[in-house]
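J.: One letter stands for each residue in the lines below.
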Amino acid sequence: MSEVSLLPYAEFLGIRVVGEQDGVPLLVMPFSEGLTNLQGGLHGGAVSGLLEIAAIAAIDATLDNGEQARAIFKPINVTVDFMRPGRPSDVYARAEVVRVGARIANVCASAWQDDPERLIATARMNLAISMPVEN
Amino acid sequence: MAAAFDPTVLLTSAKGGHIVALGLRHVAHGDDWCELALDYDRRLVSDATSGILASGPIVSLMDTAAGFAVWIRRGRFAAQATLDLRLDYLRPSRPGAPVTGRAECYRLTRRIAFVRGVAHDGDPADPIAHLAGTYMLLEDEA
Numbered sequence: 001m002s003e004v005s006l007l008p009y010a011e012f013l014g015i016r017v018v019g020e021q022d023g024v025p026l027l028v029m030p031f032s033e034g035l036t037n038l039q040g041g042l043h044g045g046a047v048s049g050l051l052e053i054a055a056i057a058a059i060d061a062t063l064d065n066g067e068q069a070r071a072i073f074k075p076i077n078v079t080v081d082f083m084r085p086g087r088p089s090d091v092y093a094r095a096e097v098v099r100v101g102a103r104i105a106n107v108c109a110s111a112w113q114d115d116p117e118r119l120i121a122t123a124r125m126n127l128a129i130s131m132p133v134e135n
Numbered sequence: 001m002a003a004a005f006d007p008t009v010l011l012t013s014a015k016g017g018h019i020v021a022l023g024l025r026h027v028a029h030g031d032d033w034c035e036l037a038l039d040y041d042r043r044l045v046s047d048a049t050s051g052i053l054a055s056g057p058i059v060s061l062m063d064t065a066a067g068f069a070v071w072i073r074r075g076r077f078a079a080q081a082t083l084d085l086r087l088d089y090l091r092p093s094r095p096g097a098p099v100t101g102r103a104e105c106y107r108l109t110r111r112i113a114f115v116r117g118v119a120h121d122g123d124p125a126d127p128i129a130h131l132a133g134t135y136m137l138l139e140d141e142a
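So the sequences go chain by chain: Z and E. Take 1 as the starting number for the first sequence in this note's numbering and just add one per residue. Take 1 as the starting number for the second sequence in this note's numbering and just add one per residue.
These are computed hints drawn from the structure, not numbers from a lab. Nothing here was measured: the structure is a model prediction, and the numbers come from that model. It is possible that some hints are incorrect.
Listed next, the stretches of chain Z that the computed footprint assigns to chain E, with coverage defined by at least 3 CB atoms under 8 angstroms from CB atoms of chain E [to be verified]:
1) 72-78
2) 105-118
Cβ pair distances, simulated, as ranges [to be verified]:
3) L119(Z) / D6(E): 23 to 29 angstroms
4) R76(E) / P88(Z): 22 to 28 angstroms
5) N77(Z) / R76(E): 40 to 46 angstroms
6) M131(Z) / G16(E): 40 to 46 angstroms
7) V20(E) / M131(Z): 39 to 45 angstroms
8) E96(Z) / R91(E): 32 to 38 angstroms
9) P116(Z) / D126(E): 38 to 44 angstroms
10) M131(Z) / D41(E): 36 to 42 angstroms
Over 10 angstroms on every C-beta distance to chain E, these chain Z residues come out as not near it, computed from the model [what the hints assert, rightly or not]:
11) L7
12) P8
13) V17
14) D22
15) H43
16) G45
17) G49
18) I53
19) L63
20) D90
21) R99
22) M131
Positions of the beta carbon are idealized from the N, C-alpha and C atoms, including for glycine.
Please model the entire structure based on the sequences and the hints provided.
T.: In structure tokens:
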């Protein structure tokens, strides 16, 4: 697995890489007050952000040069399903690259809190692949 | 239409949380819709070189605007949970430009609210993202 450097927005959310499994990075978003919604739980947008970052990190891990990833992969869409309310505690996420074709990459990401078997949210993300311009 | 829920009061009374961290601002609202804005912030970009906003903050903007639209249509601040959200990213936002997100609750049943929305970076006729989603309505007390 190549070194994965997370995007600035990931730092804003406090997300870190805490390990890897089968070549895919495992991410944690430690709980902080800035992630909560008006009802005291985790904001769905912050959880969605974590899932998108997990999807991007899983793609970056397949590349030799993760630095180029942002120029190559552009998000087309994301669909997020919420299974359980996010409680005010740490959230973990990892993603599976379903397919990287010539033009499109399909990725599935999952998020959980205490128990990896009890998912709080999943996301499917499709990204367009554009080859970097050779200099 | 009930006018008991005022998004401006809720936004200005929020002392913390993700909405404050992102700096979301109220722009306008009506009977079943709400428009919020996200100011450009270099901490929210996907790539320091391009300066393009990550997609995540757009999701948070649209989820918040849609949640507010549901509360407005329900006429009160009551417990609800996002069931699903889909965002289509039509094009990247322009670096430096604030993003405006408008969401509408176009159908409300006893248990489910259906929402749709559009985000743009200056010209509503040239959107950057489209939203479709649903919310589960929970008990009356939030």
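J.: Is the claim that D90(Z) lies outside the interface with chain E correct, judged by CB distances over 10 angstroms?
T.: Non-interface label stands for D90(Z): nearest chain E Cβ at 16 angstroms, farther than 10 angstroms.
J.: Taking the beta carbons of N77(Z) and R76(E), is their distance inside 40 to 46 angstroms?
T.: Once the Cβ atoms are compared, 32 angstroms apart, the range 40 to 46 angstroms for R76(E) and N77(Z) is violated.
J.: Holds or violated: the 40 to 46 angstroms window for the beta-carbon distance between M131(Z) and G16(E)?
T.: holds, 44 angstroms
J.: Beyond 10 angstroms from every chain E Cβ: check whether that's true for R99(Z).
T.: holds, 19 angstroms
J.: Since G49(Z) was said not to touch the interface, does its Cβ keep a gap of more than 10 angstroms from each Cβ of chain E?
T.: violated, 3 angstroms
J.: Is the hinted range of 36 to 42 angstroms satisfied by the C-beta distance from M131(Z) to D41(E)?
T.: Once the Cβ atoms are compared, 30 angstroms apart, the range 36 to 42 angstroms for D41(E) and M131(Z) is violated.
J.: For the segment 105-118 of chain Z, do at least 3 residues have a Cβ located nearer than 8 angstroms to some Cβ of chain E?
T.: violated (count 0)
J.: Over 10 angstroms from every CB of chain E: does P8(Z) meet that, or does the non-interface label fail?
T.: The assertion about P8(Z) is violated, with a minimum of 5 angstroms to chain E.
J.: Taking the shortest Cβ-to-Cβ distance between L7(Z) and chain E, state whether it exceeds 10 angstroms.
T.: violated, 5 angstroms
J.: Non-interface claim for D22(Z): all C-beta distances to chain E beyond 10 angstroms?
T.: Per Cβ check, D22(Z) is outside 10 angstroms of chain E; nearest 25 angstroms; holds.
J.: Examine each Cβ of chain E, and state whether all of them lie more than 10 angstroms from the Cβ of L63(Z).
T.: holds, 14 angstroms
J.: Please count how many residues of the segment 72-78 of chain Z have a CB within 8 angstroms of a CB from chain E and say whether that reaches 3.
T.: holds (count 5)
Violated hints for the displayed structure, listed by number in ascending order: 2, 3, 5, 8, 10, 11, 12, 15, 16, 17 and 18.
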